[in-house]
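Asks: Sequence lines, in order, name chains A and B.
Residue 151 in my numbering sits at position 151 of the first sequence, with consecutive numbering throughout.
Position in the second sequence (from 1) plus 220 gives the number in my numbering.
These aren't lab readings, by the way, just hints derived from the structure by calculation.
Just so it is clear, the structure is predicted and the values come from calculations on it, not from any experiment.
All residues carry an ideal CB built from backbone N, CA and C; glycine is no exception.
Do not rely on the hints blindly, as some may be mistaken.
Said to hold, decoys possible - Output of the computed footprint for chain B on chain A, the stretches with three or more beta carbons under 8 Å from beta carbons of chain B:
1. 42-52
2. 99-108
3. 206-215
Unchecked claim - Computed far set for chain B versus chain A, every beta-carbon distance over 12 Å:
4. E302
5. E332
6. A390
7. L446
8. G450
9. T484
10. A519
11. L539
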Amino acid sequence: MLRMESVTHQFPHRRSTVRALDNVSAEIPPGDFTAVVGPSGSGKSTLLLSLGGMLRPTSGAVYWNGDRVYDLAPNARARLRRKTVGFLFQTFNLVPYLTAEENVQVPLFLAGAAVSLQRSRARELLSRVGLGDRIDHKPSELSIGQQQRVALARVLSNDPQVILADEPTGNLDPKTGGEVISFLEELNREGRTIVMVTHDPRAAERATRRLVLEEGRIRE
Amino acid sequence: MRLTTLVSRELFERRRQLLTSFLAVFLGITAIVAIRNVTFFSEKAVARELDALGANVLILPKSVTVQDYFQADLHGAQIPEEYVTRLVLSDLQGLDNLSPKLSVPVEIQGHEVVLTGILPKAEFQAKAMWKGAGIFARPSGCGDVEGGGWLAPAPIQETLVRRRVVEDLAADEALVGADLAGLLGVVEGDTLQALGRGFRVIATLPETGTVDDARVFAHLHTVQELTASGSVVNAIEVVGCCSQISQGLVARINSLLPDAKVVTITQVVETQIRTNEMMARLSLIFLVIIVLVAGASIANYMYGNVDERRREIGTLMALGADSFLVVRVFLLKALVMGLAGGIGGALLGTALAVVLGPRLARVPVLPMPGLMLSAIGIAVVIALVASSLPARRAAGLDPHQTLQEI
Ligand SMILES: Nc1ncnc2c1ncn2[C@@H]1O[C@H](COP(=O)(O)OP(=O)(O)O)[C@@H](O)[C@H]1O
Ligand SMILES: [Mg+2]
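For reference, chain A alone in the conformation it holds in the complex (with noise of 0.2 Å):
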């Protein structure tokens, strides 16, 4: 379970600050597709960073399961990030020199993963994206939407709870897209937590709660 108790977050901002969440609370029961709607600039990503223990709000609480995770130290917090959730960003964020079965062993490799598992995981990951045959591939030989398909196999290759998607198909055709959405709706339906921003109401309407974001605050 996720929880964010009154998270303001600013952002210094040449000489003030812009605050890009104000008083945020909202709790993600586990198991649940949450989609994070609101104009561009209304704090989604700020949020999302947040929630997934990659950015202290400048006041506030995020829990992971009743723990306050910003109690931790960074290092820690980010082995326990490498367990918990994974990320999927708009523009995929692959590793551009890496193929595509090394991009999905990156989190493998972080968590300590011997080599012989990351390979075999790797690649039964890739087939279930449909990517079985571009295992040698890198990043640049791959078309976009092949591209966010490994990222959504890295994102499973630690096995997380929960997934935190920014804008996972901001750069994606609506076909691709919907295959997408699609995908994290099965993965939903494993089991794990998805919180996904998104200013498409297409995708949102596919989720099954809504957050709407407006200058940093929550609009019920």
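For chain A, the structure is supplied; the task is to place chain B with the ligands on it using the hints.
Replies: Leaving out everything else, chain B with the ligands in the frame of chain A:
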């Protein structure tokens, strides 16, 4: 996937970008290794040369400037032969062999050659014994170079060449340098005509590679008598104990013979030693330059690399990489660069030294594994130190900023 996979893939993928800093390390190490290697063997050559010279202190007239040791007695200026006696009878410690010389130009079979008068050792011994004191009453041999001691006299050729001293030489006997012997076609037992006197050649000398090869040696007193120069010499060569020389033997001889100039061989081969010192300083300067240039170049490259990989670093962090891992990614890369530049530079530098050393410094040069290893070590340390700040910056990047979508 291992850390090495991650690092080597990135390195290989972007190899063109690190060419400059790699070259800085590679060429810098090449220069250091080449210079150090040649200098080492050049220093060794000087040491060997000093050893071959045998004599290591030279007593000259005050007016003489020393350019070339072997020509140091060819100047016409003179000092009294009596200086030899003064030295022999003094209580100076560390004097071994003395060899007074008087050199004059003469004509032999139509050739202009130098006749050098030398004093055989038998005469010092007689002098010393007669006075009952002096250098030959003391334990001797400290200034010896290997081969030939007092008790087992080496062949006359060896002793003159190596120890600047002959045991015995009669008034009408002569020794002929190798080149001159060849030129005149004389062999042992022949007679040479010089200064209106016939000299019996008792030996031709082995080749030394010095001007001695073109000289005739005869008894000092014969030369003095035939040239009517009186009891004078041009130079006195002395074999002194190295330990005594370093403890001020030269100064003590100087105070004993205030009107003479006393120099050591080290002063005579000074140009070569100076060259070596310059090379040593040069390699030090190179070391400083390479540390600065290569270090700055690597640091600059690494900062750029960190900047360029912000998103990748942020992604790794989002996937659970801690700061240690990020630091390790960059330091391992630095290690690879340092090793590659160091090993490449050590090999090329050694190759240059071995090939060019004999041509430039006229010394044979061999590879030096120890030098190569320390050069590699230096390269690695430079790369690691230069990359430590960029690596720390990478680890300290704000993951949120690095993931900001454009
Ligand atoms: N690093 C930053 N420095 C300053 N302001 C920032 C920074 N990141 C985001 N912001 C501001 O915070 C607000 C929320 O940003 P973000 O969470 O990225 O919005 P969204 O994802 O909804 O488009 C925006 O007004 C943005 O300009
Ligand atoms: Mg955003």
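Asks: Hint by hint, say whether it matches the structure.
Replies: Do the hints match the structure? See the list:
1. 42-52: holds (count 4)
2. 99-108: holds (count 5)
3. 206-215: violated (count 0)
4. E302: Holds, because the least Cβ-Cβ distance between B:E302 and chain A comes to about 87 Å, which exceeds 12 Å.
5. E332: 78 Å, holds
6. A390: Per Cβ check, B:A390 is outside 12 Å of chain A; nearest 88 Å; holds.
7. L446: For B:L446, whose nearest Cβ neighbour in chain A is about 89 Å away, the distance exceeds 12 Å, so it holds.
8. G450: 90 Å, holds
9. T484: Nearest chain A Cβ is 64 Å from B:T484, so the label holds.
10. A519: B:A519 is indeed farther than 12 Å from all Cβ atoms of chain A, at 22 Å.
11. L539: Given a closest Cβ separation of 5 Å, the condition is violated.
Hint violations for this structure: numbers 3 and 11, all remaining hints satisfied.
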